[in-house]
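Q: Residue-level listing of the chains:
2 protein chains.
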Amino acid sequence: MKKILVLGSTGSIGINTLEIARTFPDKLKIIGLSVNNNIDLLQKQISEFHPCAVAVRDKKSAAELKVRIGNSCEILIGDEGLLELTRCNNYDILLSALVGFAGLAPTIEAIKLKKRIALANKETLVTAGEIIIDLCKKYGAELIPVDSEHSAIFQSLIGENKNNIKKIILTASGGPFLNKNKSELENVTIKDALNHPNWKMGNKITIDSATMMNKGLEVIEAFWLFNLPKEKIEVLIHPQSVIHSMVEFCDGSIKAQLSLPDMKLPILFAISFPERYYFDTINTDFKKINQLTFFEPDFDKFECLKTAYKVIEEGGTAPCILNAANEIAVEKFLSGKIKFTQIPEIIDEALNGVAVKFNADLQTIIECDSATREYLNKKLN
Amino acid sequence: MKKILVLGSTGSIGINTLEIARTFPDKLKIIGLSVNNNIDLLQKQISEFHPCAVAVRDKKSAAELKVRIGNSCEILIGDEGLLELTRCNNYDILLSALVGFAGLAPTIEAIKLKKRIALANKETLVTAGEIIIDLCKKYGAELIPVDSEHSAIFQSLIGENKNNIKKIILTASGGPFLNKNKSELENVTIKDALNHPNWKMGNKITIDSATMMNKGLEVIEAFWLFNLPKEKIEVLIHPQSVIHSMVEFCDGSIKAQLSLPDMKLPILFAISFPERYYFDTINTDFKKINQLTFFEPDFDKFECLKTAYKVIEEGGTAPCILNAANEIAVEKFLSGKIKFTQIPEIIDEALNGVAVKFNADLQTIIECDSATREYLNKKLN
Numbered sequence: 257m258k259k260i261l262v263l264g265s266t267g268s269i270g271i272n273t274l275e276i277a278r279t280f281p282d283k284l285k286i287i288g289l290s291v292n293n294n295i296d297l298l299q300k301q302i303s304e305f306h307p308c309a310v311a312v313r314d315k316k317s318a319a320e321l322k323v324r325i326g327n328s329c330e331i332l333i334g335d336e337g338l339l340e341l342t343r344c345n346n347y348d349i350l351l352s353a354l355v356g357f358a359g360l361a362p363t364i365e366a367i368k369l370k371k372r373i374a375l376a377n378k379e380t381l382v383t384a385g386e387i388i389i390d391l392c393k394k395y396g397a398e399l400i401p402v403d404s405e406h407s408a409i410f411q412s413l414i415g416e417n418k419n420n421i422k423k424i425i426l427t428a429s430g431g432p433f434l435n436k437n438k439s440e441l442e443n444v445t446i447k448d449a450l451n452h453p454n455w456k457m458g459n460k461i462t463i464d465s466a467t468m469m470n471k472g473l474e475v476i477e478a479f480w481l482f483n484l485p486k487e488k489i490e491v492l493i494h495p496q497s498v499i500h501s502m503v504e505f506c507d508g509s510i511k512a513q514l515s516l517p518d519m520k521l522p523i524l525f526a527i528s529f530p531e532r533y534y535f536d537t538i539n540t541d542f543k544k545i546n547q548l549t550f551f552e553p554d555f556d557k558f559e560c561l562k563t564a565y566k567v568i569e570e571g572g573t574a575p576c577i578l579n580a581a582n583e584i585a586v587e588k589f590l591s592g593k594i595k596f597t598q599i600p601e602i603i604d605e606a607l608n609g610v611a612v613k614f615n616a617d618l619q620t621i622i623e624c625d626s627a628t629r630e631y632l633n634k635k636l637n
Numbered sequence: 257m258k259k260i261l262v263l264g265s266t267g268s269i270g271i272n273t274l275e276i277a278r279t280f281p282d283k284l285k286i287i288g289l290s291v292n293n294n295i296d297l298l299q300k301q302i303s304e305f306h307p308c309a310v311a312v313r314d315k316k317s318a319a320e321l322k323v324r325i326g327n328s329c330e331i332l333i334g335d336e337g338l339l340e341l342t343r344c345n346n347y348d349i350l351l352s353a354l355v356g357f358a359g360l361a362p363t364i365e366a367i368k369l370k371k372r373i374a375l376a377n378k379e380t381l382v383t384a385g386e387i388i389i390d391l392c393k394k395y396g397a398e399l400i401p402v403d404s405e406h407s408a409i410f411q412s413l414i415g416e417n418k419n420n421i422k423k424i425i426l427t428a429s430g431g432p433f434l435n436k437n438k439s440e441l442e443n444v445t446i447k448d449a450l451n452h453p454n455w456k457m458g459n460k461i462t463i464d465s466a467t468m469m470n471k472g473l474e475v476i477e478a479f480w481l482f483n484l485p486k487e488k489i490e491v492l493i494h495p496q497s498v499i500h501s502m503v504e505f506c507d508g509s510i511k512a513q514l515s516l517p518d519m520k521l522p523i524l525f526a527i528s529f530p531e532r533y534y535f536d537t538i539n540t541d542f543k544k545i546n547q548l549t550f551f552e553p554d555f556d557k558f559e560c561l562k563t564a565y566k567v568i569e570e571g572g573t574a575p576c577i578l579n580a581a582n583e584i585a586v587e588k589f590l591s592g593k594i595k596f597t598q599i600p601e602i603i604d605e606a607l608n609g610v611a612v613k614f615n616a617d618l619q620t621i622i623e624c625d626s627a628t629r630e631y632l633n634k635k636l637n
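Chain order of the listed sequences is C and H.
Numbers 257 to 637, taken from our numbering, label the letters of the first sequence in order.
Numbers 257 to 637, taken from our numbering, label the letters of the second sequence in order.
If you are wondering where the hints come from, they were derived from the structure by calculation, not from laboratory data.
Check each hint, because a few of them may be wrong.
One copy or any two copies: either way a pair holds, since identical chains are not told apart in the list.
DSS-like, lysine-lysine: derived pairs with alpha carbons at most 27 Å apart [claimed, not checked]:
hint	residue 1	residue 2
1	K613	K394
2	K418	K543
3	K423	K544
4	K557	K593
5	K562	K613
6	K393	K456
7	K544	K486
8	K456	K557
9	K544	K488
10	K543	K423
11	K544	K422
12	K285	K422
13	K593	K635
14	K285	K544
15	K544	K438
16	K593	K258
17	K488	K613
18	K562	K259
19	K562	K460
For reference, chain C alone in the conformation it holds in the complex:
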């Protein structure tokens, strides 16, 4: 039995992870769950999966859950409770599906316990890639990506020598605004931006797909995960999201991983690897898919993607500033306070206004994240 701790169990990745656990009751056991404040769904998950403990970030929700379920399951509270949950040593795999910067600290706890990290939280590597990769090496923790793109690259590299990579090709659906021109982006609505053509995901990541910042974050993630210079990381628009990504080797041969888009596949792989479990849910029929198309990304229209390459070049805490600024900007867009096209502007403003630090330790990164948020909140309010 593989014992799994799911952080962010009521989000899209968390729900898919529990569906997988439901499919393999003889192979997988849910040990713990964490949520922000959705205790209604958490309560159902507790009664189905009987975890040893759960963490609820919002204190009021935690108290309410305590009233509802009593002592049937240990309830840990707040950020400290989440860390305590990851510090308990009774699991094999940490499935980190928290949203945003909050994913960083608990992931580090699991790395120190030498756990397998099934990483769905992009911000962990974007903000603290160097620290995370170094810690994984130091403690011998396994880091397996859950993003469909990085999972595809990971799978394409199985049994291959990483020194033979010529480049990796991250595919991108292009999001809902692929066929809009730059000036049309001025007036898109929240509803337009949340209408992703292929993937059903949380709001933050769906907006990131619309700006293509999501792909930018993935470029930064790939930079750390696969230890490649940014020149070897290419983005290719592929609207059908069937080829999840590709690796081109030094001999000119390309390997790819494909399927109909469904997050259950990369989640299952991150759990089952190096095995593959028999899973009959996703049946990809190329005769029905009929065609796959490819285009060059428009870096002029999707400025966030261009900015992501720029912060890799800059190094230090620049990706951390980009990430914090993007979280703030997306929040403001989702609450109707700014226009869609202001998202890249706000990110640029932060990158120009907040000082980049080099050789940063975790504390410096946490401070840089806070400094960026403070800077923008002062500027924007």
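Chain C is already provided as a structure; the job is to place chain H on it using the hints.
A: Relative to chain C, chain H alone:
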């Protein structure tokens, strides 16, 4: 240095192999060459690559070559000369690119010497799959496919557990007659049939592509190479020949190998594996490729493909009969003696008229091949 013996050095695969040897003079050494009768080209190859010995099947051509080059290189003659060449123990890799049934006997010699077999000759596995696979196991010889499709499957399986294969998907360009309907095939010319949209190959294999017998032979090859029931071998029309083939695993994940169509890639891979050499010739740009399409094969129009699945079912020497009949039929079509649509008819005639033998040894297979040829030559002349 890897020492290579190239059988069929003046054919399309042979020429490409020598181009690769030319590219990697510090890694690859050509030890021997064999041809049918094209001594003009062979003479050039000898003066460039300085092999220890060459085999010339046609006796008159061998004598003529002897006059031209004297004792500068040992010349072996006829079928026996070819076997003698493969029996010399001074090479690491046998690149078998002979056309047709003639490829079988020399391959067996190389297997007995525990050499790596880079197999471009389809008929070896089609006619004697069971014997070849058993001999490879017995002698510990490596069999690496050079067909782009089987190379793609082989590459997709690197580091994977073969028990996890759900199915393999052999892609097929569909050949020059993909968009003709069945009745239009009645009157196609030799020139039409030789006009392959993607691949520049020898005449025999180009006609096999037009009838889709080529794909049928590949299905039989895959049956032996990957030890899969025919139900797990699917054919998918993919006119651009960029996805060279795919493997679907038990979890629903699919892996594929891709590139612009160029035989140099699978040849290089069969030589360099498990390494990959830096080779800058084939640069696949998906932004230029723009789209990949997929269709179900029309088994009614391409009867040869249907027949290939049927002979796997039948077993024994049925694939050997199919192969011999196809060689005869293609020969007759290329010499203008029959219509294109008579090719599958002739194959059916042989399969109905020649007795299938089971548990066949090599002698039985050779006799079955001869019996089929005699039967058809009697019937057709």
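Q: Would you mind marking each hint as holding or not holding in the structure?
A: Cross-check of the supplied hints:
1. K613 - K394: Within one copy only: 23 Å inside a chain, 63 Å across chains, cut-off 27 Å.
2. K418 - K543: between (33 Å within a copy, 25 Å between copies)
3. K423 - K544: between (30 Å within a copy, 17 Å between copies)
4. K557 - K593: within (22 Å within a copy, 61 Å between copies)
5. K562 - K613: For K562 and K613, the Cα distance is within 27 Å only inside one copy (21 Å; across copies 66 Å).
6. K393 - K456: Classified as neither; 34 Å inside a copy, 49 Å across copies.
7. K544 - K486: This pair counts as between: shortest inter-copy Cα distance 22 Å, intra-copy 36 Å.
8. K456 - K557: Within one copy only: 23 Å inside a chain, 41 Å across chains, cut-off 27 Å.
9. K544 - K488: Classified as between: cross-chain Cα gap 19 Å, same-chain 33 Å, threshold 27 Å.
10. K543 - K423: Between. Shortest inter-copy distance 15 Å satisfies the 27 Å Cα cut-off; intra-copy 29 Å does not.
11. K544 - K422: Intra 32 Å, inter 19 Å, cutoff 27 Å: inter-copy only.
12. K285 - K422: between (39 Å within a copy, 26 Å between copies)
13. K593 - K635: Within one copy, since 13 Å is at most 27 Å while 85 Å is not.
14. K285 - K544: neither (36 Å within a copy, 47 Å between copies)
15. K544 - K438: between (33 Å within a copy, 23 Å between copies)
16. K593 - K258: This pair counts as neither: shortest intra-copy Cα distance 45 Å, inter-copy 67 Å.
17. K488 - K613: within (25 Å within a copy, 56 Å between copies)
18. K562 - K259: Neither. Shortest intra-copy (40 Å) and inter-copy (48 Å) distances fail the 27 Å Cα cut-off.
19. K562 - K460: within (19 Å within a copy, 51 Å between copies)
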